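Chains as they are written, first to last, in my numbering: chain G, 1 to 272; chain V, 1001 to 1135.
No lab work stands behind these hints, which were simulated from the structure alone.
Computed from a predicted model, the values in this text were never measured in an experiment.
Any given hint could turn out to be false.
Said to hold, decoys possible - In silico DSSO-like cross-links for lysine-lysine, where the CA-CA straight-line distance does not exceed 30 Å:
no.: 1; chain 1: V; residue 1: LYS1047; chain 2: G; residue 2: LYS161
no.: 2; chain 1: V; residue 1: LYS1107; chain 2: G; residue 2: LYS158
no.: 3; chain 1: V; residue 1: LYS1047; chain 2: G; residue 2: LYS158
no.: 4; chain 1: V; residue 1: LYS1047; chain 2: G; residue 2: LYS186
no.: 5; chain 1: G; residue 1: LYS175; chain 2: V; residue 2: LYS1047
no.: 6; chain 1: G; residue 1: LYS161; chain 2: V; residue 2: LYS1107
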Amino acid sequence: MDQESLVQALRKAVQELMPQVDGVIALRRVGDAAAAHLYQPGDDLSDLTVAAQFPLPTSVRLIQARYPDKTFGVVVRGCDERQLIELAKRQQINLERLRLIGVACNAEQAQGCKCDLPFPSKLDFGEAVDGVPQDFLDEFLAKSRQERLEFWKHAFSKCLKCYGCRNICPECFCKQCVLEEGLWVKTGAVPPPFPMFHLIRAMHTIGKCIACGECERTCPADIPLTLLYKLLRRDVESVFGYHAGADPNEAPLMDSTIFLADMELLRPSQKG
Amino acid sequence: MEYRHVPSVCTYCGVGCGLFLEVLDGQAVGTYPDPSHPVSEGHLCIKGWNAAGFVHHAGRLKTPLIRKEGVLVEASWDEALDLVARELKRIRDDAGPDALAFLCSAKATNEANYVLQKLARAVIGTNNVDHCARL
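Chain V extracted, bound-state conformation (with noise of 0.2 Å):
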């Protein structure tokens, strides 16, 4: 038996508002707005209240999928990033730089987006790069 509030952040957009997890027996259930939040303020918006809702859901990826034959299979971090890198560095190589394009992520870091766009302008070369928010 288990019932308590865990202080997180919404992962939902860049603002970052502050909200606590609502857990009960280990499930998180729901959200609510941290009222002592400087940004937020003990608001959020109706993706911020649905926060919880992905967490423990069903369709959530738990290992890397590589498609084989037209099916999708589970794999390995390696596997799946060796892939990546040969198929990255094979399109660049027959199509040029420019083929590639990169998206970066209001939910990520500046520091993690910082570094997909170094690997995108100075490992790749070119300047294919976006955010998930242009969609």
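For reference, chain G alone in the conformation it holds in the complex (with noise of 0.2 Å):
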């Protein structure tokens, strides 16, 4: 099915969703580009689409914040439907107010972001390719440690502290983010010191994050935090045999006992 067929096809399906749902969220067409919009019913639908990018989890977290007796369809990637897992695994979207109509990226959306799984479980449209071979990560591991040191040491004084990557990130929902924390990530300070803002970053998000690319895409200064993530979420995977939004019954890696008082720090924020 081409690319054409499926968005048409695809247009059909949220029409016919629509009377079932109090609206879809799916991609619109903006610009040259595509961003994630709230499709209500009587709403002309053809500038919906398909893209590889943007953060739609991001969307549906603040719409449903904001009315969440609400039910919404929502138009999913793999991508997609992996961090909605675990988004829900800690009580930032209702799953169960959510219909979910899977689509399948191509082969070329799927190369664009290094993707290895580029289609959600629950496949509507579309046909699941293959995903992207992650062999980059080996040739890393290769290199002896003084080098991958070196690399990284590198990579992270290019920062410029824009936050972009931890903005643009789906799974980074804190009201109160420790990358703001003076104690942890001195202020004033540009590159922030090796390694404080990216190795917390990245340890605040292991088990969440599904490697989908965007704080990469994003970040102005061309730091390989691909690379760094999708070498995480391996070693997740074979140290723990988690899989990142791969099961929403699963219990999230880092599971803990959350006392009532904290549950305030958890509830879904209207942004950040």
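Since each chain comes alone in its own frame, lean on the hints to assemble the complex.
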């Protein structure tokens, strides 16, 4: 099925779902790119589209936080589905109030994201293509420890502390972000002292990160963040046997007892 | 109930990075970098990421304000502009053209900056023209 037919079929499916929900969250053509949009009953769907980029789950979280009692359809790619599952485990998304329509990415889209699983588990449109080989991970690990240390020191030294990686990540939802605490990441220092900013964020996202690559794509300093996050994700899989986003019923990796006082910190926030 | 993205340009500096304003129920709540923008290519600096923050800020001016007896009071555009024109002329006549300076802006268009420096040089008669980024 070519891309145009896929999108036509998708629009038709969204139209059919619309009477059963309060709205459908999907990507819409904006300028020459695409961004999340809330389509509502009666809306024209002719600019509804699919694209490889855009952190859609962030929009779902925002909309659900504002309208917790409404039900929404969501057009999800593989990355979206997995991110929504991890967000649901942390009380940021209510999966029961979502109706997912699964769409596969084509080979070109998968290549652009270096994606190894370019389709959701519940696939309604598009054909599942093979994931992109991740040989670059082993090629990197073949370097000596000293080489790898120098590599990351150099990479992180380019950081402008724009917080783009943190802002764009659908799994970064904390109302108070540790990366803004002077105690952990020295304020007024650019680049942030090695390796605090990047490794703190990496540690905070393991088990949640499905390596969508949005962080690297938005980094103005071309820091190879996807390499770091894919390596960590692979470690999580091999060490803990945990696959982020695979099973909504599997307890999250960093499971712990949450006291009532802490629940306030986990309530869906409007932003941030 | 409304959630959409509006293509726009960052207002903070002269680069003009492309971004989408994230709008929820009529309020600009955030920004997202436009991946197709030829200049910014899907990147934003920290200011661009926070460019929606001032849109609905309570501190934003809604009308011109004129200081009368030490207190800022609301005024009309005509009243404010008449005052500015009067005072510019008075200062130039009393203290000379170089008693005045004009600050242009990276956020304004080239055309607007051109007109301002023309006002400075041709109308007032001073070369004291500078730019907000030099502050």
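Run the distance test for V:LYS1047 versus G:LYS161: straight-line Cα separation, threshold 30 Å. holds (11 Å)
Taking 30 Å as the top limit, are the C-alpha atoms of V:LYS1047 and G:LYS186 close enough? holds (19 Å)
Holds or violated: V:LYS1047 and G:LYS158, Cα atoms, limit 30 Å. At roughly 18 Å apart (the allowed maximum being 30 Å), G:LYS158 and V:LYS1047 satisfy the hint.
Is the hinted pair V:LYS1107 and G:LYS158 satisfied, with a Cα-Cα distance of at most 30 Å? holds (27 Å)
Taking only the CA atoms, is the gap from G:LYS175 to V:LYS1047 under or equal to 30 Å? holds (19 Å)
Tell me if the straight-line CA distance from G:LYS161 to V:LYS1107 falls inside 30 Å. holds (23 Å)
Of the numbered hints listed earlier, not one is contradicted by the structure.
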